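If you read the protein sequences in the order shown, they are chains G and W.
Note that full-length UniProt numbering has the first sequence beginning at 1, numbered continuously upward.
Note that full-length UniProt numbering has the second sequence beginning at 1, numbered continuously upward.
No wet-lab data here; the hints were simulated from the structure.
These numbers were taken from a predicted model, which means no experiment stands behind them.
Be aware that a few hints might be false.
Repeated chains share a single entry, so a pair holds when one copy, or any two copies, can fit it.
Said to hold, decoys possible - Below, a list of computed lysine-lysine pairs in the DSS-like style, where the Cα atoms sit at most 25 Å apart:
1. K61 / K499
2. K322 / K499
3. K499 / K482
4. K333 / K196
5. K86 / K160
6. K76 / K86
7. K212 / K258
Here is how the chains run, residue by residue.
Number of protein chains: 2
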Amino acid sequence: MFNNLDRVKDISLHNLVVGAEEAASWIQHGMTLGLSGFTRAGDAKAVPFALVERAANESFKVNIFTGASLGSDIDKLLSEAGIVHKRLPFQADATMRKHINTGDHLFVDQHLSHTAELIRSGVLPIIDFAIVEAVSITADGMIIPTTSVGNSTTFVSQAKNIIIEINVAQSEMLEGLHDIYEPADPGSRLPIPLSKVEDRIGQIGIPFDASKVRGIVFTNNLDSPSPIVPPDEETEEMAQHLIGFLRHEVSNGRLTNKLAPIQAGIGSVANAVLGGMINSEFEDLQVYSEVLQDSVFELIDAGKVNFASACSITLSQEMMDKVYGNLEEYRDKLVLRPQEITNHPEIIRRLGLISINTALEFDIYGNVNSTHVSGTRMMNGIGGSGDFARNSRIAIFVTKSIAKGGNISSIVPFVAHVDHTEHDVDVVVTEQGYADLRGLAPRERAELIINNCVHPMYKRQLQDYYEEALTRGGQTPHVLEKAFSFHTELAKNGTMLSKEKALI
Amino acid sequence: MFNNLDRVKDISLHNLVVGAEEAASWIQHGMTLGLSGFTRAGDAKAVPFALVERAANESFKVNIFTGASLGSDIDKLLSEAGIVHKRLPFQADATMRKHINTGDHLFVDQHLSHTAELIRSGVLPIIDFAIVEAVSITADGMIIPTTSVGNSTTFVSQAKNIIIEINVAQSEMLEGLHDIYEPADPGSRLPIPLSKVEDRIGQIGIPFDASKVRGIVFTNNLDSPSPIVPPDEETEEMAQHLIGFLRHEVSNGRLTNKLAPIQAGIGSVANAVLGGMINSEFEDLQVYSEVLQDSVFELIDAGKVNFASACSITLSQEMMDKVYGNLEEYRDKLVLRPQEITNHPEIIRRLGLISINTALEFDIYGNVNSTHVSGTRMMNGIGGSGDFARNSRIAIFVTKSIAKGGNISSIVPFVAHVDHTEHDVDVVVTEQGYADLRGLAPRERAELIINNCVHPMYKRQLQDYYEEALTRGGQTPHVLEKAFSFHTELAKNGTMLSKEKALI
Numbered sequence: 001m002f003n004n005l006d007r008v009k010d011i012s013l014h015n016l017v018v019g020a021e022e023a024a025s026w027i028q029h030g031m032t033l034g035l036s037g038f039t040r041a042g043d044a045k046a047v048p049f050a051l052v053e054r055a056a057n058e059s060f061k062v063n064i065f066t067g068a069s070l071g072s073d074i075d076k077l078l079s080e081a082g083i084v085h086k087r088l089p090f091q092a093d094a095t096m097r098k099h100i101n102t103g104d105h106l107f108v109d110q111h112l113s114h115t116a117e118l119i120r121s122g123v124l125p126i127i128d129f130a131i132v133e134a135v136s137i138t139a140d141g142m143i144i145p146t147t148s149v150g151n152s153t154t155f156v157s158q159a160k161n162i163i164i165e166i167n168v169a170q171s172e173m174l175e176g177l178h179d180i181y182e183p184a185d186p187g188s189r190l191p192i193p194l195s196k197v198e199d200r201i202g203q204i205g206i207p208f209d210a211s212k213v214r215g216i217v218f219t220n221n222l223d224s225p226s227p228i229v230p231p232d233e234e235t236e237e238m239a240q241h242l243i244g245f246l247r248h249e250v251s252n253g254r255l256t257n258k259l260a261p262i263q264a265g266i267g268s269v270a271n272a273v274l275g276g277m278i279n280s281e282f283e284d285l286q287v288y289s290e291v292l293q294d295s296v297f298e299l300i301d302a303g304k305v306n307f308a309s310a311c312s313i314t315l316s317q318e319m320m321d322k323v324y325g326n327l328e329e330y331r332d333k334l335v336l337r338p339q340e341i342t343n344h345p346e347i348i349r350r351l352g353l354i355s356i357n358t359a360l361e362f363d364i365y366g367n368v369n370s371t372h373v374s375g376t377r378m379m380n381g382i383g384g385s386g387d388f389a390r391n392s393r394i395a396i397f398v399t400k401s402i403a404k405g406g407n408i409s410s411i412v413p414f415v416a417h418v419d420h421t422e423h424d425v426d427v428v429v430t431e432q433g434y435a436d437l438r439g440l441a442p443r444e445r446a447e448l449i450i451n452n453c454v455h456p457m458y459k460r461q462l463q464d465y466y467e468e469a470l471t472r473g474g475q476t477p478h479v480l481e482k483a484f485s486f487h488t489e490l491a492k493n494g495t496m497l498s499k500e501k502a503l504i
Numbered sequence: 001m002f003n004n005l006d007r008v009k010d011i012s013l014h015n016l017v018v019g020a021e022e023a024a025s026w027i028q029h030g031m032t033l034g035l036s037g038f039t040r041a042g043d044a045k046a047v048p049f050a051l052v053e054r055a056a057n058e059s060f061k062v063n064i065f066t067g068a069s070l071g072s073d074i075d076k077l078l079s080e081a082g083i084v085h086k087r088l089p090f091q092a093d094a095t096m097r098k099h100i101n102t103g104d105h106l107f108v109d110q111h112l113s114h115t116a117e118l119i120r121s122g123v124l125p126i127i128d129f130a131i132v133e134a135v136s137i138t139a140d141g142m143i144i145p146t147t148s149v150g151n152s153t154t155f156v157s158q159a160k161n162i163i164i165e166i167n168v169a170q171s172e173m174l175e176g177l178h179d180i181y182e183p184a185d186p187g188s189r190l191p192i193p194l195s196k197v198e199d200r201i202g203q204i205g206i207p208f209d210a211s212k213v214r215g216i217v218f219t220n221n222l223d224s225p226s227p228i229v230p231p232d233e234e235t236e237e238m239a240q241h242l243i244g245f246l247r248h249e250v251s252n253g254r255l256t257n258k259l260a261p262i263q264a265g266i267g268s269v270a271n272a273v274l275g276g277m278i279n280s281e282f283e284d285l286q287v288y289s290e291v292l293q294d295s296v297f298e299l300i301d302a303g304k305v306n307f308a309s310a311c312s313i314t315l316s317q318e319m320m321d322k323v324y325g326n327l328e329e330y331r332d333k334l335v336l337r338p339q340e341i342t343n344h345p346e347i348i349r350r351l352g353l354i355s356i357n358t359a360l361e362f363d364i365y366g367n368v369n370s371t372h373v374s375g376t377r378m379m380n381g382i383g384g385s386g387d388f389a390r391n392s393r394i395a396i397f398v399t400k401s402i403a404k405g406g407n408i409s410s411i412v413p414f415v416a417h418v419d420h421t422e423h424d425v426d427v428v429v430t431e432q433g434y435a436d437l438r439g440l441a442p443r444e445r446a447e448l449i450i451n452n453c454v455h456p457m458y459k460r461q462l463q464d465y466y467e468e469a470l471t472r473g474g475q476t477p478h479v480l481e482k483a484f485s486f487h488t489e490l491a492k493n494g495t496m497l498s499k500e501k502a503l504i
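So here's chain G without its partners, still in its complex pose:
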């Protein structure tokens, strides 16, 4: 076995060590579980697996609350086992997605900064079991998380029972990387004392009530690596347009070459766009984000980024080996915080972030759909994009202008689901170009977006829509009966392209 009692430095807890099956057996139908894990990093692994095994012979359902998406196929296995009642606040698994879209799971798509508040205030069900991964438990009673913090601080502080998974595959050198801070309840809450990206405001571990610890389980499995999607021609063009926009800001005196702290969402597009900064003139950069992907470490290695704050680290296998194999080189440039702090409006506004997130589609007035394919089918969830977009200095959304070989235009007359309103979206970027929407009225925005961002094959079709809309008038002209025509055509004919308009 890989039990290593040295990792549990509070020896009074040694008698709580159990196997994952036993721990899983305590969980009953109707309970709510708070699992560690954020973007495939730092997820509790052993007890969820054991719970899935139990489901082979037993029928029960539980609520699954996490930081964000889980790795190690846990969301997939939970879904297939049929034991998920309600899931929040985010997921990114193809199988779970199917169960969500049939209505089999109730999925609550939540701003990632909101979940902790809703748990503490008693709006969400009480957490029956917090199940959190750790590298160790300190002698003075703190849980040292692994590669993410997520909502674990709040799960541990609010749960009736705590199960700690000590993952011996993770280095004890992670101790000291985390900065744990939980705001007091409103009414007695003070300012969060963080005013620089690198500030440390809390403790190195999660404090806990030892009397609530039901079990300690040992595990020995690393996080799932992030799949590597190399940049392609379009993502490189998007990166260049984004850099062009930032350069324009610098030349207008609104930014310096140090830019402002950067947030970049999860996913290959944002990763590629961030990676595109390596060969730019920008320097002494800082990252204040929710997840650190490969590109941030490439920027650190290139001497472009001098500090990065986030809630989780999600890397490719190659980068994982490099970073965790040389943690001593990176640790003074990194801090991991609870998602409530990485995504907190107070901090985002104070630091004046530049936020870069991926859109599924946006419309001619700048509303963004981040979540729903064709307006109805959930992809992953809003994640932190709303936390950042609303409060950042510059809210940027990126997407390729077309998808499915051109059958889908990512720019439509009216997005079929709104996650970010026209009030919150500053700049949109495709491989065609960017549109800086700040300070523009809707009619100005429509012209700029159609001119700069739309793929040539859809330009005329969107122009025709907009011109017909103008005959109807209004602050935000629309032809409501045709507003979703791109989407309904796609459903009917397999393409948004109308035949007569395809000729450019």
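Fit chain W to the supplied structure of chain G, relying on the hints for placement.
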């Protein structure tokens, strides 16, 4: 004349006193003006009037930036004079609305907390003239505002030129009521040190660079009174449902009878709903809002509210006489702040506000339209509703379930414009009842909204839509080709009610 040089305590400024016509003559075509004024309170009056007069013989256009809506028909007169190029961040005038909806004015509908940031960062055009109403100028160089603060602090700090309108109709007793604080630029910005509703964190007046003052104009006109719309049966029912919801929160231990600091939007519905608390068991209440209407003073008089913070005071003639005639009685219970502070996400989240705002319409999944009639025609603007809804402890939206004698249902399948997404809306209230959407998946929300909030005459029609949508599936089921059918039916037939479904 009503010039009263005693109001200008810095005597070095006495030689700058001019008439409004002269001050207006300095303004040139293409300039950007920053006018004081927020919800009909504290607006610069004389220079805008003189500018309108100039337009009788001269053709020019200017950008008009304000705190929010202006009183004294200024927005109407500016529109009629044809001198408005771009207007932001809010208006509420019927004539201006027409010019916006024909595309004659470019209207930028902005979160009220964002404008100051966008001016300071140089994203919006430089303010050529700040024109702000004041009760006086202090000997140590501060402008004491009148009945609103709005964006005046930032207009004054950022403008190339400043014109001060000393309104002698306003009592000098207003001095000491204001608390002026402007955040430093991001990068060197510290926490805003406000953690109680009644905290004072700044100065009693707006500091200014005397070398930028071009003129001082005397005026003698009070603010426009707010029209009195007495509560009706529906608003009283809405108030009772809202109180029922709050009572439920208290009985579940999530609030006490002191509730939490309350924000209530402008308008007769929010005013009536707030007024409904007078006969409730709630006590020791505090208000942290952007505007204080009659109901707040009624609650103060009734001993229910012990402190109120806002950015402006907008009252009926009767209440104006009472409050300004007895300011000594109220002044230790009031503070007026810049709208950047009243609406700041940092403060709203820290204080844990209960926010109550008016919706034009909401949909079966909880998305809210606050601004666009039939999705295209601007009503007033989003105002502060987004600042509050996104960050408050409980975001409540209220609206009557039907309008225009039943030809319009305020609950529709898909709102024709989204100002507040499903992620940001906690509770919706109509005279039919309330739906608490917190922690619910879209399908749960739809059932609750249709059951609790929809008018009986539209219930079957919405149920039919939802049932058809369920056959299509998805996280958020929709029949996209019928999603706006309520709106297109209204445009075609003058009613959203379909004939075959009207029979209940």
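Practice item. Please write out, lowest number first, the hints stated earlier that are contradicted by the structure. Key: 1, 2, 7
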